[in-house]
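Residue numbers are given in this note's numbering: position 172 of the sequence shown equals residue 314, and the series is strictly consecutive.
Certain hints may be false.
[As the list claims (entries may be wrong)] Pairs of lysine-lysine, BS3-like flavour, derived with a Cα cap of 25 Å:
#, residue 1, residue 2
1, LYS200, LYS180
2, LYS180, LYS196
3, LYS200, LYS254
4, LYS180, LYS254
Worth flagging that the hints you see were computed from the coordinates, not collected in a lab.
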Amino acid sequence: SQLSSDVWVVAPEFNQSGAGHSLSITRPIRAREIGATKFAVEGTPTDCVLFAVKHLLKARPPDIVLSGVNRGTNMADDVTYSGTIAGAMEGCLLGIPSIAYSQAFMQPHPVKWGTATQHGAEVTRRILEMDWPRNVFVNVNFPDVVAASVKGTRVTRQGVRGFGGTIIERIDPRGGAYYWIGYTPGEHELDEESDLYALRSGYISVTPLHLDLTHEPTRRKLAAQFATV
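Starting from the given sequences, assemble the full structure and let the hints guide the process.
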């Protein structure tokens, strides 16, 4: 509401952590109207963006897609798992400038939503003042500090944090095994240009990401390798 009087909210009905850029193509989705411009969708964040752009706003597509604010960070290796990031990715694929937002927090402490609330509009305005390529979207992470303690904003690159995935086995009342996938963050790198370093230092992290996952140096090496066959 600080950026526009015409805001539509189309969000998942249930928690979609770890949903990534997934589509619900094997089952129908349902949407519950909460208000004139507010809908809860039984689907993934990607479903939500598609439903909004291709159905609700088909006659008048949005000027921008804002995905989040997520409860918890989406940095480094997190971005490939994140439903919040995927919402911005889908907006980008649809040709709409898109930004993902996440608010860092440390359990069991409460989430400092006021930090994203107070700083989000200005960060968004600054981003929208410039043009960026169609295949680029922006990832914003707010640090786990109160709004007044934010040191500033840093433009960063995607960091590296090893995924410490674990499998936790449990037994149901009938003796059958079932499993939970656990998540333990790996070692953080110390690169001062990374999103990880910025947040740990109390800064807002702004990272441009792009859809093309091609690793160009290796592509050139492979081209040379196969050229000799």
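Checked hints:
{"no.": "1", "hint": "LYS200 - LYS180", "in the structure": "16 Å, holds"}
{"no.": "2", "hint": "LYS180 - LYS196", "in the structure": "16 Å, holds"}
{"no.": "3", "hint": "LYS200 - LYS254", "in the structure": "35 Å, violated"}
{"no.": "4", "hint": "LYS180 - LYS254", "in the structure": "24 Å, holds"}
Checked against the numbered hints given earlier, this structure breaks only hint 3.
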